[in-house]
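K.L.:
Sequence:
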Amino acid sequence: MMSDNKAENLFFEADQLIDDNKIVEAKEILIDLLSDFPDYGRAHNHLGWLYSVKFNNYPKAKYHLELAIKFAPDYQGVYANYAYLLVEMNLYDDMIHFGNNAIAKNVADPATIYNKMAQSFELKGELMEAFNFYKLAIKGAINNQFLDELYAAVNRVKGKMGLLQKLKLINK
Numbered sequence: 001m002m003s004d005n006k007a008e009n010l011f012f013e014a015d016q017l018i019d020d021n022k023i024v025e026a027k028e029i030l031i032d033l034l035s036d037f038p039d040y041g042r043a044h045n046h047l048g049w050l051y052s053v054k055f056n057n058y059p060k061a062k063y064h065l066e067l068a069i070k071f072a073p074d075y076q077g078v079y080a081n082y083a084y085l086l087v088e089m090n091l092y093d094d095m096i097h098f099g100n101n102a103i104a105k106n107v108a109d110p111a112t113i114y115n116k117m118a119q120s121f122e123l124k125g126e127l128m129e130a131f132n133f134y135k136l137a138i139k140g141a142i143n144n145q146f147l148d149e150l151y152a153a154v155n156r157v158k159g160k161m162g163l164l165q166k167l168k169l170i171n172k
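At position 72 of the sequence shown the residue is numbered 72 (UniProt numbering), and the sequence of numbers has no breaks.
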C-alpha cells in the first residue's frame, strides 16, 4: 500500500503531465493511484475531466466526477467539471438539481454554476428562467471574457423571446 505522501506525489505528477498535454501518461498514473487509493477525490476529478474533455467518454467521466464529489466535497474544481459534463450530456434537469445543491452548499463558483443552470433552462426552452439565471451569473462573475460571454447569452435569450416575454422583462 502506498503512503499518502506517495499518492500526493503521483497526483501532482499526473497534474503536470496534463499541463504538458501528455494525456495518456497522466491517465495511467491516475488509474494506478486510484487502484491503491480509491477514495482520492482529486484524482477522480482529474480522471473524470480527462474522460470528458480528452476522450469524450461521458459515462466514465460522470462516474469519476461523482466519486470526486463524494470523496472531495470541498474541491471546488469538480463542481464546474461536473456542471459542464451534465450540459454536454443534455442532462438539463440533472444540472438544475445539481446546481441548486451546489449553490446551497456554497462550495462551488456560483457564476459558473448559475451559467450552466441558465444554459440548461435555455436549452429546455425556458427562456425567462434562463434570463434570470444568466443575470445571477453576471452578478458573481469577475472575469471580463466570461462577463462578455454572459452578456452575449442574455442578448441571445432575449432574441429568442416572444413579445410577451420581452414585455415581462420591462416590468421587472
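Treat the hints as calculated values from the structure; they're not laboratory data. This structure is a prediction, so every number in the text was calculated from the model and none was measured. Certain hints may be false.
[Unchecked claim] Heads up, simulated DSBU-like pairs for lysine-lysine below, C-alpha to C-alpha not over 35 Å straight-line:
1) K135 with K160
2) K70 with K22
3) K70 with K54
4) K168 with K158
[As the list claims (entries may be wrong)] Quick list of the computed label-pair ranges, beta carbon to beta carbon:
5) L167 with E13: 32 to 38 Å
6) D93 with F55: 24 to 30 Å
7) N9 with D74: 48 to 54 Å
8) D148 with E126: 20 to 26 Å
9) E28 with K105: 18 to 24 Å
10) K135 with E8: 22 to 28 Å
11) Y58 with Q145: 50 to 56 Å
12) I142 with D93: 54 to 60 Å
13) E28 with D148: 22 to 28 Å
14) M161 with A104: 55 to 61 Å
15) I142 with K105: 37 to 43 Å
All C-beta atoms, glycine included, are put in the ideal place defined by N, C-alpha and C.
K.L.:
Could you check the structure against the hints above and give me the numbers of any it violates, in ascending order?
P.N.:
5, 7, 9, 10, 11, 12, 13, 14 and 15
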